[in-house]
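K.L.:
What follows is each chain in one-letter form.
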Amino acid sequence: MSRDERFSRQIRFAPLGRAGQERLAASTVLLVGAGALGTHLADTLVRAGIGRLLLFDRDVVEESNLQRQVLFTEAHARAGAAKAVAAAESLHAIDSRCRVEAFAEEFVPASFGQLPCRPDLILDGTDNFPTRYVLNDLAVRERIPWVYGGAVGAEGMAMAILPGHTPCLRCLIPKAPPTGEQATCETAGILAPVVQMVTAFQSAQALKILSGRHEDVARGVFVVDVWKDSYGLYLGAATRDPACASCGSAEFPALREQPPEAVKLCGRNAVQVLPDPGARIDLELLARHLRTAAAEVELSPYLLRFVAENCRFTVFRGGRALLFGVDTPERARVLYDRYVGAR
Amino acid sequence: MVRITFTENLVRHVACPEIEVEAGTVGEALEQAFRHVPALRGYVLDDQGEVRKHVIVLIDGQGLADRARLGQPLGGARRIHVLQALSGG
Numbered sequence: 139m140s141r142d143e144r145f146s147r148q149i150r151f152a153p154l155g156r157a158g159q160e161r162l163a164a165s166t167v168l169l170v171g172a173g174a175l176g177t178h179l180a181d182t183l184v185r186a187g188i189g190r191l192l193l194f195d196r197d198v199v200e201e202s203n204l205q206r207q208v209l210f211t212e213a214h215a216r217a218g219a220a221k222a223v224a225a226a227e228s229l230h231a232i233d234s235r236c237r238v239e240a241f242a243e244e245f246v247p248a249s250f251g252q253l254p255c256r257p258d259l260i261l262d263g264t265d266n267f268p269t270r271y272v273l274n275d276l277a278v279r280e281r282i283p284w285v286y287g288g289a290v291g292a293e294g295m296a297m298a299i300l301p302g303h304t305p306c307l308r309c310l311i312p313k314a315p316p317t318g319e320q321a322t323c324e325t326a327g328i329l330a331p332v333v334q335m336v337t338a339f340q341s342a343q344a345l346k347i348l349s350g351r352h353e354d355v356a357r358g359v360f361v362v363d364v365w366k367d368s369y370g371l372y373l374g375a376a377t378r379d380p381a382c383a384s385c386g387s388a389e390f391p392a393l394r395e396q397p398p399e400a401v402k403l404c405g406r407n408a409v410q411v412l413p414d415p416g417a418r419i420d421l422e423l424l425a426r427h428l429r430t431a432a433a434e435v436e437l438s439p440y441l442l443r444f445v446a447e448n449c450r451f452t453v454f455r456g457g458r459a460l461l462f463g464v465d466t467p468e469r470a471r472v473l474y475d476r477y478v479g480a481r
Numbered sequence: 045m046v047r048i049t050f051t052e053n054l055v056r057h058v059a060c061p062e063i064e065v066e067a068g069t070v071g072e073a074l075e076q077a078f079r080h081v082p083a084l085r086g087y088v089l090d091d092q093g094e095v096r097k098h099v100i101v102l103i104d105g106q107g108l109a110d111r112a113r114l115g116q117p118l119g120g121a122r123r124i125h126v127l128q129a130l131s132g133g
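Those sequence lines, one after another, are chains A and B. The first sequence begins at 139 in the working numbering and counts up one residue at a time. The second sequence begins at 45 in the working numbering and counts up one residue at a time.
Don't read these hints as lab results, they were simulated from the structure. C-beta: ideal position from N, C-alpha, C; glycine also. A couple of the hints might just be wrong.
Simulated pairs of lysine-lysine, BS3-like, Cα-Cα distance not exceeding 27 Å [as the list claims (entries may be wrong)]: (1) A:Lys313 with B:Lys97; (2) A:Lys402 with B:Lys97; (3) A:Lys402 with A:Lys313; (4) A:Lys366 with B:Lys97.
The following residues of chain A were derived to be distant from chain B, with all beta-carbon distances above 12 Å [to be verified]: (5) Ile149; (6) Val170; (7) Ala213; (8) Thr269; (9) Ile282; (10) Ala292; (11) Leu421; (12) Glu447; (13) Cys449; (14) Gly456; (15) Val472.
To be clear about the criterion: a stretch of chain B counts as covered by chain A if any three or more of its residues have a C-beta under 8 Å from a C-beta of chain A, and this derived list gives those stretches [unchecked claim]: (16) 52–59; (17) 97–108; (18) 112–119.
Based on the sequences and whatever the hints tell you, model everything.
P.N.:
Shown next, in the form of structure tokens:
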């Protein structure tokens with residue numbers, strides 16, 4: 139089937155047209171997060187015909203993801219597959235001509251400098267504010283459009299940011315909610331329809347931006363509650379905050395912070411541990427050593443899984459690890475040093 | 045009369061049903077809500093009496109001119125919506 143035929147219904151939509159489709163095909167999108175928001179966004183944009191997708195995610199697929207995370211299967215959950223890699227496999231089956239590059243790692247400020255090319259758009263599929271502020275500060279500094287999205291329970295929120303033209307995320311939300319006050323998908327649940335509503339808004343703004351129709355991009359914050367049936371676009375008249383640490387004073391605080399060595403994953407009984415800078419780890423060698431010291435040792439091309447001291451480890455190439463069944467970063471660090479030891 | 049509604053994210057922490065009040069300014073309206081549910085104040089305002097930095101107050105769909113100045117007149121506004129930044133995804 140020709141590409142023209144494949145995208146014919148989209149090309150027929152006059153505001154996009156053939157010129158817009160060609161721009162989509164030439165575009166690169168950086169998508170951070172391949173969870174509920176991220177998989178819907180990736181699915182929609184790859185199907186829409188973008189040329190290249192750079193996809194980051196630090197997590198692995200679990201059975202409880204399948205209710206709302208569209209690119210994953212029971213096989214991915216059983217294997218504890220890295221989300222970025224599993225999503226890329228599914229996306230390749232959807233459109234093999236789209237160049238999808240998977241990064242099974244945390245997106246940090248230094249990640250931007252290591253990208254294979256400059257993205258035309260940044261999309262938010264994350265589940266935490268520290269990463270969102272990194273995306274916001276990078277987008278404003280680099281003057282790359284980006285689209286924020288968040289969803290919990292039945293509520294969702296999204297906003298397109300055109301640096302230099304519209305308020306940025308910090309103008310709207312100068313500080314993240316304190317940890318104890320933040321509802322998460324684990325504490326408050328999440329309904330798939332709110333994910334679909336939020337990502338529909340995000341994807342629509344993405345198509346406008348990538349096809350060059352910046353004048354059609356929504357101004358303001360999209361707010362939805364799919365249980366109370368309230369939907370709206372608010373703050374359309376909001377202006378940039380001159381005191382904003384990102385688009386006002388250009389301090390970009392999120393780009394100066396170092397990620398902590400060990401951090402509890404939002405709302406989950408799991409901790410992410412980062413290796414010391416420069417540490418090297420040989421997963422095959424580690425797997426051999428663990429055959430006697432740990433249980434359920436499984437090695438895949440991307441990661442090593444095992445169980446020790448009632449904790450399930452997932453260790454990625456490079457040494458980053460997720461420890462499930464651990465309450466505190468301190469305990470996780472001790473277990474990591476004991477079994478992985480990439481220091 | 046202006047109707048004040050609160051995000052479900054706040055309702056999870058403190059019972060704050062919709063309330064209809066008579067008020068001239070945003071601050072007066074919020075004070076009446078706080079009189080009904082005193083615990084709500086700390087979730088909406090900081091210790092300086094300013095709107096907390098992760099809270100968004102909409103007046104008929106538009107934002108506060110200044111988080112620190114709650115004396116903003118309501119005029120004929122009919123609805124105040126108190127939102128919180130959403131993190132999940």
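K.L.:
Hints first: check each against the structure and report whether it holds.
P.N.:
Evaluation of the provided hints:
Our distance criterion of 27 Å between C-alpha atoms is met by Lys313 (chain A) and Lys97 (chain B), whose separation comes to about 5 Å. Of the pairs offered as hints, the one joining Lys402 (chain A) and Lys97 (chain B) holds, with about 23 Å between alpha carbons and a cut-off of 27 Å not exceeded. Simply put, Lys402 (chain A) and Lys313 (chain A) have alpha-carbon atoms about 19 Å apart, close enough for the 27 Å limit, and the pair holds. Between Lys366 (chain A) and Lys97 (chain B), the direct Cα distance comes to roughly 25 Å. Compliance with the 27 Å bound is thereby established for this hinted pair.
With a cut of 12 Å on Cβ distances, Ile149 (chain A) stays outside the contact zone with chain B, its closest approach being about 31 Å. Val170 (chain A), annotated as away from the interface, has a beta carbon of chain B within 12 Å; the closest lies near 10 Å. Annotated as non-interface, Ala213 (chain A) keeps its C-beta farther than 12 Å from every C-beta of chain B; the closest such distance is 24 Å. With a least beta-carbon separation of about 10 Å from chain B, Thr269 (chain A) fails to lie farther than 12 Å from that chain, contradicting its non-interface assignment.
Once the 12 Å rule is applied to beta carbons, Ile282 (chain A) is consistent with being away from chain B; the minimum gap is 20 Å. Consistency note on Ala292 (chain A): stated as away from chain B, yet its beta-carbon is not over 12 Å from all of that chain's, at 7 Å minimum. Distance check for Leu421 (chain A) against chain B: the nearest CB is about 29 Å away, which clears 12 Å, and the non-interface claim stands. Once the 12 Å rule is applied to beta carbons, Glu447 (chain A) is consistent with being away from chain B; the minimum gap is 30 Å.
At the 12 Å boundary, the C-beta of Cys449 (chain A) stays outside the reach of chain B, the nearest C-beta of that chain being 25 Å off. Against the 12 Å criterion, Gly456 (chain A) stays outside the reach of chain B, whose nearest CB is about 24 Å from its own CB. The beta carbon of Val472 (chain A) sits about 28 Å from the closest Cβ of chain B, which is more than 12 Å, so the claim that it is off the interface holds. With a cut-off of 8 Å between beta carbons, the region 52–59 of chain B has 4 residues touching chain A; three or more are needed, and the interface restraint holds.
Here's how the region 97–108 of chain B fares: 7 of its residues keep a CB closer than 8 Å to some CB of chain A, so the rule of at least three is met and the hint holds. For the region 112–119 of chain B, the stated coverage by chain A is not satisfied: 0 residues place a CB nearer than 8 Å to a CB of that chain, which falls below the threshold of 3.
Against the hints set out earlier in the document, violations occur for numbers 6, 8, 10, 18.
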